[in-house]
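Participant: Sequence:
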Amino acid sequence: MQNTETSALQITPERLIAGIQNIQNYFFNQQHPNGYWWADLESNVTMLAEVILLHKIWNTTHRIPLDKAEAFLRREQREHGGWELYYGDGGELSTSVEAYMALRLLGVDRNDEALVNARKFIRDRGGISKTRIFTKLHLALIGCYDWRGLPSIPPWIMLLPGDAPFSIYDMSSWARGSTVPLIIVFDKKPVFPVEPQFDLNELFSEGVENVKYDLPKTGDWGDWFVELDNGFKFAEQLNLVPFREEGLKAAEQWVLERQEPTGDWGGIIPAMLNSMLALRCLEYDVADPVVERGFQAIERFGVETEATYWVQPCVSPVWDTAWVVRALIESGIAPDDERVVKASQWLLNEQILDYGDWAVKNKDGEPGGWAFEFDNRFYPDLDDSAVVVMTLNQAKLPDEKGKQAAIDRCVRWMMSMQCRDGGWAAFDVDNDKDWLNALPYSDLKATIDPPTADVTSRVLEMAGELESHTYDSPLKQHRQRFQQALSYLLREQEADGSWFGRWGVNYIYGTSGALSALALVAPETHREAIDRGASWLISVQNDDGGWGETCRSYDDPALKGQGDSTASQTAWALIGLLAAGEATGAWKREAIDRGIHYLLETQNPDGSWFEAYFTGTGFPSHFYLKYHYYQLYFPLLALGRYRKAFAER
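Under our numbering, think of the first position of the sequence shown as 15, with each following residue one higher.
Hints listed in this document are in silico derivations from the structure and should not be mistaken for laboratory results. From the three backbone atoms N, C-alpha and C, an ideal C-beta is built for every residue, glycine too. Incorrect hints may have been included.
To be verified - Just the calculated beta-carbon pair ranges, DEER-fashion:
1. 74 x 227: 56 to 62 Å
2. 260 x 635: 44 to 50 Å
3. 491 x 144: 50 to 56 Å
4. 549 x 235: 38 to 44 Å
5. 102 x 317: 49 to 55 Å
6. 259 x 88: 23 to 29 Å
Construct all of the structure, not just a fragment, from the sequences and the given hints.
Facilitator: What follows is the structure in structure tokens.
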């Protein structure tokens with residue numbers, strides 16, 4: 015899929031302007047009356063499967079359209095019999111087991127053709143015994159797996175202070191919000207009766223009578239944690255768990271305190287579902303306001319159409335709105351356009367002024383960030399905050415002083431969140447105890463939130479944009495911090511010139527972000543790094559002029575930058591190349607023109623683009639996302655910057 019010689023491309027100003035205006039109009043037609051933009055966020059069918067399970071456990075299945083849920087599960091099954099983690103992955107075992115479970119919960123007979131095909135797919139890949147911990151948890155809740163095969167979570171960890179060698183605050187925000195309620199669930203080890211009653215013995219490849227419930231060992235030092243877990247289990251059998259009741263009470267209080275008034279927990283479905291499971295284990299009444307608010311929050315994540323019903327893992331209105339506004343302004347919409355102003359005012363009102371979990375480790379910081387979702391006071395993140403600041407900085411609002419105060423407040427918070435190695439993480443500071451990923455419980459390898467190149471790049475880009483707009487530059491106020499950040503970013507550059515992408519797929523995303531940052535804050539001192547990054551992007555351009563990268567590049571770096579072209583990944587590559595050209599004056603014009611040509615050729619008549627592939631990352635190798643707006647606002651941003659870069663040429 016490498017670049018090949020092509021004839022000169024004709025990208026006329028008229029065609030470029032028409033393409034830009036079409037997608038601008040598309041966005042304006044989709045703006046919410048309150049000012050924001052928000053598109054669906056798609057993951058895999060386990061979200062729906064676990065919601066069905068939750069309602070079965072609570073006996074509240076009347077709250078969701080079960081027939082449409084079944085239709086969605088059937089629609090998403092692939093010809094090989096399994097269900098996918100991301101589009102085109104060939105099917106994934108744990109996802110398929112949970113989909114199978116959900117269909118059985120919905121009353122589908124095990125001899126139904128869909129389940130016959132799924133059963134073969136699942137058994138050929140090792141069956142239930144080879145699934146992840148969280149799949150086994152959900153099966154154990156209804157008696158389809160034995161609790162002996164799950165790790166222990168001793169309740170007393172809730173009592174460890176935040177400055178102890180280990181506490182719950184050493185877990186990433188998403189792991190913490192999901193794990194604290196599970197402390198209660200894993201302690202109670204419930205088996206809930208459901209209708210219809212069934213087992214899943216047919217999904218054990220080795221035969222249910224041959225299942226071994228020992229936690230798997232890897233042959234390295236992490237096996238010590240398996241032995242430690244055996245000790246915890248032995249203590250449980252003897253009822254010798256210290257501070258058990260105190261720990262359970264602390265976990266319950268923690269869950270109650272972190273529920274938003276809207277019912278959300280952490281703005282993510284896993285934390286919300288696990289919190290509701292904990293309340294069920296504690297025998298809360300279904301009519302309790304805490305429970306009712308929780309159900310209402312989960313229902314807001316559902317997407318119902320005429321034929322199907324499915325569940326999003328999260329919602330992204332702040333993220334989507336900030337990027338849409340930024341793309342609109344940079345593609346020619348006036349910064350004081352009333353639609354831009356309305357969206358920007360909405361963003362301003364979403365700023366979080368409460369202290370969240372981040373303050374446990376960050377004693378000096380004052381709140382001022384933004385979160386991803388509508389309601390998430392406890393977990394603002396650096397990535398959203400940086401993009402919102404850049405967006406607000408470009409918009410022109412009636413109250414410029416108020417806007418500036420909000421930006422100042424956020425910048426101060428972000429500076430206080432810098433990690434010791436110079437980088438920035440998503441939600442926390444110095445959340446980097448990698449040994450936590452070796453715990454038997456941590457088979458997704460996402461228990462911590464260390465600094466990443468893409469988030470660090472975003473913060474650097476924000477500082478550079480503020481300075482370029484005659485703002486009182488953070489680069490000057492915090493010179494030492496940004497020198498440390500630049501050093502971190504250089505250390506993270508791969509030998510081939512690319513950067514790893516933690517939150518987007520993958521090296522194309524990471525490289526685009528790093529080039530966007532370096533072009534603004536260090537164009538002269540870091541020209542070599544910029545040139546190497548740009549050269550790598552050109553080296554992986556596809557024959558059709560676009561760029562694409564498979565999610566499999568997280569498992570096999572030899573696949574970095576390889577995959578069918580998509581609108582979002584093509585836009586990322588173009589954004590990186592345009593930034594590199596702006597910084598160095600060495601424009602990679604042919605590659606850029608071919609990329610723009612690809613976008614214009616694949617644009618739909620209504621101005622939109624479509625891509626089936628997942629280009630967002632939840633947990634590398636384990637959980638991927640399709641943001642339905644990524645295929646729209648990143649191409650608009652790329653077209654706008656191309657127009658600006660070459661308007662006089």
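Participant: Work down the list of hints and note, for each, if the structure agrees.
Facilitator: Status of each hint after checking the structure:
{"no.": "1", "hint": "74 x 227: 56 to 62 Å", "verdict": "violated, 31 Å"}
{"no.": "2", "hint": "260 x 635: 44 to 50 Å", "verdict": "violated, 37 Å"}
{"no.": "3", "hint": "491 x 144: 50 to 56 Å", "verdict": "holds, 53 Å"}
{"no.": "4", "hint": "549 x 235: 38 to 44 Å", "verdict": "holds, 39 Å"}
{"no.": "5", "hint": "102 x 317: 49 to 55 Å", "verdict": "violated, 21 Å"}
{"no.": "6", "hint": "259 x 88: 23 to 29 Å", "verdict": "violated, 45 Å"}
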